[in-house]
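There are 2 protein chains.
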Amino acid sequence: MSYRLDKDLALRERAQKVFPAGMYGHMSTTPLPDNYPQFIAKAEGGRIWGVDGYEYIDFLCAYGPNILGYKHPKVEAAVRRQLEQGDCTTGPSPLMLELAEKLVEKGDHANWSLLCKNGSDATNICLMVARAQTGRNTILMAEGTYHGTDPWSSWSKVGITDNARADIITFKYNDCDSLEQAVAKAGDDLAAIIVTPNLHEVFVPQQLVTQEFAQKARQLCNDKGAALILDDVRCSWRFSLGSTWQTLGVLPDLCAMGKTLGNGYALSAVTGNDRFRSGAAECFFTGSYWFSSAAFAASLATMEAIEEENAIERMETAGNQFRAGLADLANGYGFKLDQSGPVQMPLFLFEDDPEYLKGGFFCNEAVKNGVYLHPVHNMFICAEHDKDIVDALDRLDGAFKALKAQFGDG
Amino acid sequence: MSYRLDKDLALRERAQKVFPAGMYGHMSTTPLPDNYPQFIAKAEGGRIWGVDGYEYIDFLCAYGPNILGYKHPKVEAAVRRQLEQGDCTTGPSPLMLELAEKLVEKGDHANWSLLCKNGSDATNICLMVARAQTGRNTILMAEGTYHGTDPWSSWSKVGITDNARADIITFKYNDCDSLEQAVAKAGDDLAAIIVTPNLHEVFVPQQLVTQEFAQKARQLCNDKGAALILDDVRCSWRFSLGSTWQTLGVLPDLCAMGKTLGNGYALSAVTGNDRFRSGAAECFFTGSYWFSSAAFAASLATMEAIEEENAIERMETAGNQFRAGLADLANGYGFKLDQSGPVQMPLFLFEDDPEYLKGGFFCNEAVKNGVYLHPVHNMFICAEHDKDIVDALDRLDGAFKALKAQFGDG
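Protein sequences, first through last, are from chains A and B.
Its first residue numbered 1, the first sequence is counted upward by one per residue in the numbering used here.
Its first residue numbered 1, the second sequence is counted upward by one per residue in the numbering used here.
One chain only, chain A, in its complex shape (with noise of 0.2 Å):
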């Protein structure tokens, strides 16, 4: 079978002209293996089509974006009614009233919310809230964690100055000694922690919250009046349409939410309680496009889908699926997987593969039959998978064969 990428190939090349190192952010493919393609023509449900005109079950739904599927018939129609009205005009339609209102009272935390565009934007604007409801400036957050690009968070130092993380004491994920010392350091400073819901590292296993850790986090900022932020930017609706850790019982002050909001629309937000409203009034930040209305009719129509179509259970369940058949499959050909995260946002490393060669042999392969997986950073599972997963599981294993092949019996 002959898998070529002229095309796209052909698209890179020019690419190498008008942007810098080819690609940027992390939707550029060149740290992936060859057979992944940079552009992307077509997009379905859970599937996608390069521009070669290969089809790919796709793991990634856009990096998270995709939760209900592409092009969900709810949402899109949704859209297409706000932008008969209009979308970026001066001021909201109501829609942006009623989405705020449906945030509330979905969020067990919540009193209000504010909307904006990147997932950086909700992050941002809880550490400004959290510093002006405290009068204090220290923010603790994890080692490892994403919350961003922005030069206090971003994993590059490249072009950030020292200044910008002046600010931010790090902690261990899970880890309570190494919370509670980070505390002390903040000493009558601390204006907030913020932490993601589990930890989502690329490279290494993800880690799943414990219940001490959560409550560990929760009980200090109640010690010191400090906001807890969660930064649910990457889970949002996938396992609640509140806060993520309202499943465990531990409500966060600030709850930065995101990707998938408008099941691809551009739209992130936050949700805060009552003990922080004043300090979020009296913050500035705003954006172009932060009021436009399109994004808000998506969002309402994606929070119903979930809602009608289950799709919470169908994510959960096509993740179970889609676990249970890799590693039998694995198994079957000798190799064993290490499988981590919540099974809607999966991660498996191969053991014994420090330098991810297998794993990259691996995916290079599936691309190349028809699955679009990411060798070191956590997938997505969209509700439209429950019909994918039987043919992922298909496809996946003529890619163990060629591992077989490659590197033995594992």
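Hints are computed from structural coordinates only; laboratory data are not their basis.
Bear in mind that the values here come from a model prediction, so they are computed numbers and not experimental data.
Built from N, CA and C at the ideal position, the CB exists for glycine as well.
Be aware that a few hints might be false.
Unchecked claim - Looking from chain B toward chain A, a few residues come up when the C-beta cut is under 7 Å (computed): (1) Leu11; (2) Arg14; (3) Lys42; (4) Ile48; (5) Pro65; (6) Trp112; (7) Lys117; (8) Asn118; (9) Gly264; (10) Ala280; (11) Thr286; (12) Gly287.
Unchecked claim - Which bits of chain B does chain A cover? Going by a derived footprint, with three or more residues having C-beta under 8 Å, they are: (13) 51-64; (14) 168-180; (15) 198-208.
Based on the hints, put chain B in the right spot on chain A.
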């Protein structure tokens, strides 16, 4: 004539519960007089309709994004075509590349481009790239300039740490001596001078840049090996499809573009020259929706329509007509206006109005008569306004009449 905002007021009351301070950001009408509607139901061409059914000729144009006219047929058709294929997927469509190529073609300074969402994304990227390339930290910015609401640049200090501004030195706009002093103060650490094409402050007249000042900024950056960053977010494509200072023959190293690039669809961009390519290639920046293709389709269509429909000339003509008509009307009623800024981005302030009482009263009458102005913030002309100026001036006659009744002969 009765003018009642019953529906709007009812929505605002609900909004008090779920938005801190009832609304936030630049689209909050809280600082505006009573007759301004907060919620907008519909938009078309140069006009908007509030939820109570009133039509307004809209000289805010969504605070900038509406450059061609709301719901421009060519842009809307391009967006719908792309939405049929996919928007936010696991990789951009080739339209992203086409757009970057067009931006590079149109920008006399530009060899590469990066696409993002907020205006602040673009200004932040410029700072990071300048710092990465030069290995220095200090950024010079003009007092009173708006570069977004991120901590380093926001006009508000609430929720913002001192460290966020530790690497910023300010200078006075259009003041070569002040700029030279700031450069001297930065010493060996000057990474960049960031400057807007003109100075658009609120509450005071706008300042057009002087040729001397623009050239001085360019020369100082050359001398020091620093980046000249043009923050074109508010001005993009109103004067040139390249950078705005192109019209002066002064080229930036990095240009932050925004607002108009998608005629309302969320998109901003950075264009840069080869001297800063490797710095840009080394930085990491990204956003959940930065690779969404409907906005690229919108932007390509917007750029084409601007050229095909002579949008830049039409905005200038309509802006001149509006400015002249306003002056005539004001004179006729015995008032003097201080009209400032480029005609495409007009601001008028009443003379002898230190507390903006005349301006506030006048704008409140104007909005009641169907003309949406701003008393203290620069406004925006779109291409479709060439059909609206006569109407607008006609409607404003009533506002001047009421102003005269209230304030006597000026």
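Structure-based check of all given hints:
Taking 7 Å as the C-beta cut-off, the interface hint given for Leu11 (chain B) holds, the closest approach to chain A being about 6 Å. This hint holds: Arg14 (chain B) has a C-beta 6 Å from the nearest C-beta of chain A, less than the 7 Å allowed. For the restraint placing Lys42 (chain B) at the interface with chain A, the shortest Cβ-Cβ distance is roughly 5 Å, inside the 7 Å limit, so the hint holds. Interface restraint check for Ile48 (chain B): the shortest CB-CB distance to chain A comes to about 5 Å, inside 7 Å, so the restraint holds.
Annotation: interface hint on Pro65 (chain B) holds; nearest CB of chain A at approximately 5 Å, less than 7 Å. For Trp112 (chain B), the interface hint holds, the least distance from its beta-carbon to any beta-carbon of chain A being 5 Å, beneath 7 Å. The restraint placing Lys117 (chain B) at the interface with chain A holds, with a minimum CB-CB distance near 5 Å, inside the 7 Å limit. The restraint placing Asn118 (chain B) at the interface with chain A holds, with a minimum CB-CB distance near 4 Å, inside the 7 Å limit.
The closest approach between the C-beta of Gly264 (chain B) and any C-beta of chain A is roughly 4 Å, which is under the 7 Å cut-off, so the hint is satisfied. The beta carbon of Ala280 (chain B) is positioned within 7 Å of a beta carbon in chain A (closest approach about 4 Å), and the interface hint is therefore held. Using the Cβ-Cβ criterion of 7 Å, the hint placing Thr286 (chain B) at the interface with chain A is satisfied: the shortest such distance is roughly 3 Å. With a cut of 7 Å, the hint placing Gly287 (chain B) at the interface with chain A holds, because the nearest CB-to-CB distance is about 4 Å.
Counting residues of the segment 51-64 of chain B whose beta carbon lies closer than 8 Å to any beta carbon of chain A gives 7, which meets the minimum of three for the stated coverage. Counting residues of the segment 168-180 of chain B whose C-beta sits closer than 8 Å to any C-beta of chain A gives 0, which falls short of three, so the coverage hint is violated. Residues of the segment 198-208 of chain B lying with their CB closer than 8 Å to a CB of chain A number 0, which falls below the three-residue condition for coverage.
Checked against the numbered hints above, the structure breaks hints 14, 15 and satisfies the rest.
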